[in-house]
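So the chains spell out like this:
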Amino acid sequence: MFIKRIFTWWNGATFGALLTIAQRGRYVGEDDFGSKYYEAKTIRDGDAGRRRRWVIYKGYAEPSKVPAEWHGWLHHTFVEPPTVAPLKVRAFETEHLPNLTGTRFAWRPRGSLTRGGHRPAATGDYEAWKPE
Amino acid sequence: MPIAKVNGVEIEFEPGMTVLQVAELAGEEIPRFCYHERLSIAGNCRMCLVEVKPGPPKPQASCALPAADKQEIFTNTPMVKKAREGVMEFLLINHPLDCPICDQGGECDLQDEAMGYGRDDSRYVENKRAVEEKFMGPLIKTTMTRCIQCTRCVRFATEIAGVSDLGLIGRGEDAEITTYLEQAVASELSGNLADICPVGALTHKPWAFNYRPWELKKTESVDVMDALGSAIRVDARGPEVMRILPRVNEAINEEWLADKSRYAVDGLMRQRLDRPYVRVGGKLVEATWAQAFAAVAGKIKATAPDRIGVIAGDLSAAEEMKAALDLFTALGVKSIDCRQDGSALHPKWGRESYLFNSTIQGIEDADAIMLIGTNPRIEAPLVNARIRKRWIRGDVLVGVVGEQADLTFPYTYLGAGVDSLKRFVDHGPIQKEKPIFILGAGAFARPDGAAILAMAAEAAGSMGLVKDGWNGFNVLHTAASRVGGLDMGFVPAEGGKTALQMVEKGGADVLFLLGADEIDLGQTDAFVIYMGSHGDAGAHRADVVLPGAAYTEKPGLYVNTEGRTQMAERAIFPKGEAKEDWTILRALSDELGARLPYDTIEQLRDKLITDHPTFGQIDYAPGHASAAAFDLMAVGEKGETTDAPFVSPVKDFYLTNPIARASRTMAECSSLHAGASKMAAE
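Residue numbers (the numbering used here), protein chains in the order written: chain U, 1 to 132; chain L, 1 to 682.
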């Protein structure tokens, strides 16, 4: 586990990130999945004139896990974090579905052979002769 | 010779040339829409304007103006440019701006010339005119609003095709091209209408919206749908042949192409044999190549060589026939035949006895033409077009012995069969310089064919058809492979059986068919091995099916009816597990323990050319070169003849081979023309 933390970036934040966040960051809040959000205390050159914002995932680093309200704050769409100005929950919002790419539930387009579908006709298709 | 000045450069020209031709001679390109080298001059598009001195101080239409001695021609002055821009603006007033959805886009004369002479905007604010669509059958798609009234199609239909189905009616803005009876254009050359149309008014209906010309890989090849070997260009996208267009070959097809050669391409994608099959328990089941070869080799090894028969079909290239000939001759097989139509032609009477000796171009020199047992309109439409071209020039006798069909030109009907031919046997020399006979399969592909051949040769001798510098004894074949087969001796050896004897009941125990589908397999009780590209009669009857390549999928040598060897190129690859036919025979020879001595097609061709030097003379037709050595009296075998009339073996122009029979377009044409002829009869 410890070795994974040293050599990978997807099992929790890297040590460099933790160090930066500890030095510069201020804790802002936590979402339903337990990921923690931070904001820089100061604006430095190269920060595009705004405070940097970070997320430290709980467990596996998976960006699709960031909820919509925190995603908006993280990308500076919203000024205030959802802890201060929570978004209204709409009726059409659904539960978070993890990214299924690489699993057997991955999305297959229509016509994909793994989905058993019919591919639309294309150049080079030919009708083979069948006996009787 | 007279001399003219083109843009200040002096050029000599033949008397009678037009100003446009002289300018072309000097290397100046003149834009044109209505002018076409092979059609009469109309002079109605006015795009070819040039300035001429001496003459009136106004632009002249160069296509219709005879060039004169000491004339000065200017093709690039500001006056000429301005005049052409004016013409182009008038043409574009009523031409729709639908290039992005037009099938002609990318190969459109109007599009090209508009780049040089078009304005960037329109000064015309009124509505564009709209013209009703016309029905021109299953091959030609019309969008008559795009028409610029060049009348090339009208001239082609009346002059070359010889059907007066098209015409121009109305004047000024109301002028439009129309089919008089709103019926399919009744010509076997109708596809050329779309070729000569300079805009997108006439396009190819079967290929509509399927491709853009710049997407296609172009391969120059040779046609196999009839025995002429017309020059074609195979345009393919990926693994599919999208279209076939003619190439210019003055000796054979000029720049035209018959509809079957052009539109049977969709047959290349249907009914394809793409894996080997072996009959197990009365049913054909899929097999691997190894299983199929084991079945074939086991059967052939277990059978005495004199009970094995080999028949080559109509579309075979010389390579696979040579491989089959070498393989089965080595095994001791004698029953080998390439004449599945039962014709009596045989190489033992000399090469001239089965060639079109006057050459197709030579028809234009002929002054008396006798068609014997042939209907060239359906057997070889481009030969018919040549005869018509000769007839239009006048002073020619055309006689027909055989079917009284509509050949698009009038002729003297001489009779239906042998009796009429017999009258010419002691006719005596004819008072003509260059008379020709054209013998069709209707005369020699019958049981008494050898006797009829002898009779025709005797008549030819008596009438003086063969002399120094002229050989008018012509045989018109119906199959692309036939002359190649006869050249290499793909005929029964001493004691062997002919194709028709092989397929009789008990005629052979093993039959090996190289794409032979036009022979009746109903009686035979043999073990049938079929090698070919399409599932047709042969594959249905077969006990083992070996999938081969169609003519667009293999390089090959074909010898046309003139004896002209031509090389076809591969445009795409064979389908599925199919292989080039000669490689199948090469692999089979290993299984049979009689390995063929070639591993590449070059080695195979080397062997072929060493054994039969005529295959090395690419694009050479012997013509009258050996007329002096040709002994007409030795042709054929005198014998009893029946009085049955000569009937062309081609019943339906559109359905003569497996590829055409697999094509939906050809099926539609066939049913439409069958219906039309029925209607005409009523």
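I should point out that these hints are in silico values taken from the structure, not numbers from a laboratory. The beta-carbon is built from N, C-alpha and C at its ideal position, and this holds for glycine as well. Some clues are possibly wrong.
Said to hold, decoys possible - Far from chain L, some chain U residues (derived; all Cβ distances over 10 Å):
(1) Leu19
(2) Val28
(3) Glu30
(4) Ser64
(5) Arg104
(6) Ala106
(7) Ser112
(8) Glu132
To be verified - Derived lysine-lysine pairs resembling DSS-like cross-links, with alpha carbons at most 30 Å apart:
(9) Lys130/U <-> Lys301/L
(10) Lys130/U <-> Lys505/L
(11) Lys53/L <-> Lys81/L
(12) Lys130/U <-> Lys205/L
(13) Lys301/L <-> Lys607/L
(14) Lys651/L <-> Lys130/U
(15) Lys58/L <-> Lys81/L
(16) Lys130/U <-> Lys283/L
(17) Lys53/L <-> Lys130/U
Claimed, not checked - Ranges between beta-carbon positions, derived for each pair:
(18) Ala68/L <-> Asp125/U: 41 to 47 Å
(19) His75/U <-> Asp120/L: 22 to 28 Å
(20) Lys348/L <-> Asp125/U: 45 to 51 Å
(21) Leu97/L <-> Thr94/U: 56 to 62 Å
(22) Leu97/L <-> Glu132/U: 50 to 56 Å
(23) Glu215/L <-> Phe92/U: 40 to 46 Å
(24) Thr103/U <-> Met115/L: 51 to 57 Å
Okay, the hints, checked on the actual structure:
{"no.": "1", "hint": "Leu19", "in the structure": "holds (56 Å)"}
{"no.": "2", "hint": "Val28", "in the structure": "holds (54 Å)"}
{"no.": "3", "hint": "Glu30", "in the structure": "holds (55 Å)"}
{"no.": "4", "hint": "Ser64", "in the structure": "holds (38 Å)"}
{"no.": "5", "hint": "Arg104", "in the structure": "holds (31 Å)"}
{"no.": "6", "hint": "Ala106", "in the structure": "holds (29 Å)"}
{"no.": "7", "hint": "Ser112", "in the structure": "holds (21 Å)"}
{"no.": "8", "hint": "Glu132", "in the structure": "violated (7 Å)"}
{"no.": "9", "hint": "Lys130/U <-> Lys301/L", "in the structure": "holds (29 Å)"}
{"no.": "10", "hint": "Lys130/U <-> Lys505/L", "in the structure": "holds (27 Å)"}
{"no.": "11", "hint": "Lys53/L <-> Lys81/L", "in the structure": "holds (17 Å)"}
{"no.": "12", "hint": "Lys130/U <-> Lys205/L", "in the structure": "holds (29 Å)"}
{"no.": "13", "hint": "Lys301/L <-> Lys607/L", "in the structure": "holds (26 Å)"}
{"no.": "14", "hint": "Lys651/L <-> Lys130/U", "in the structure": "holds (27 Å)"}
{"no.": "15", "hint": "Lys58/L <-> Lys81/L", "in the structure": "holds (12 Å)"}
{"no.": "16", "hint": "Lys130/U <-> Lys283/L", "in the structure": "holds (11 Å)"}
{"no.": "17", "hint": "Lys53/L <-> Lys130/U", "in the structure": "violated (71 Å)"}
{"no.": "18", "hint": "Ala68/L <-> Asp125/U: 41 to 47 Å", "in the structure": "violated (60 Å)"}
{"no.": "19", "hint": "His75/U <-> Asp120/L: 22 to 28 Å", "in the structure": "violated (46 Å)"}
{"no.": "20", "hint": "Lys348/L <-> Asp125/U: 45 to 51 Å", "in the structure": "holds (48 Å)"}
{"no.": "21", "hint": "Leu97/L <-> Thr94/U: 56 to 62 Å", "in the structure": "violated (48 Å)"}
{"no.": "22", "hint": "Leu97/L <-> Glu132/U: 50 to 56 Å", "in the structure": "holds (53 Å)"}
{"no.": "23", "hint": "Glu215/L <-> Phe92/U: 40 to 46 Å", "in the structure": "holds (44 Å)"}
{"no.": "24", "hint": "Thr103/U <-> Met115/L: 51 to 57 Å", "in the structure": "holds (55 Å)"}
When the structure is compared with the earlier hints, violations turn up for hints 8, 17, 18, 19, 21 and for no others.
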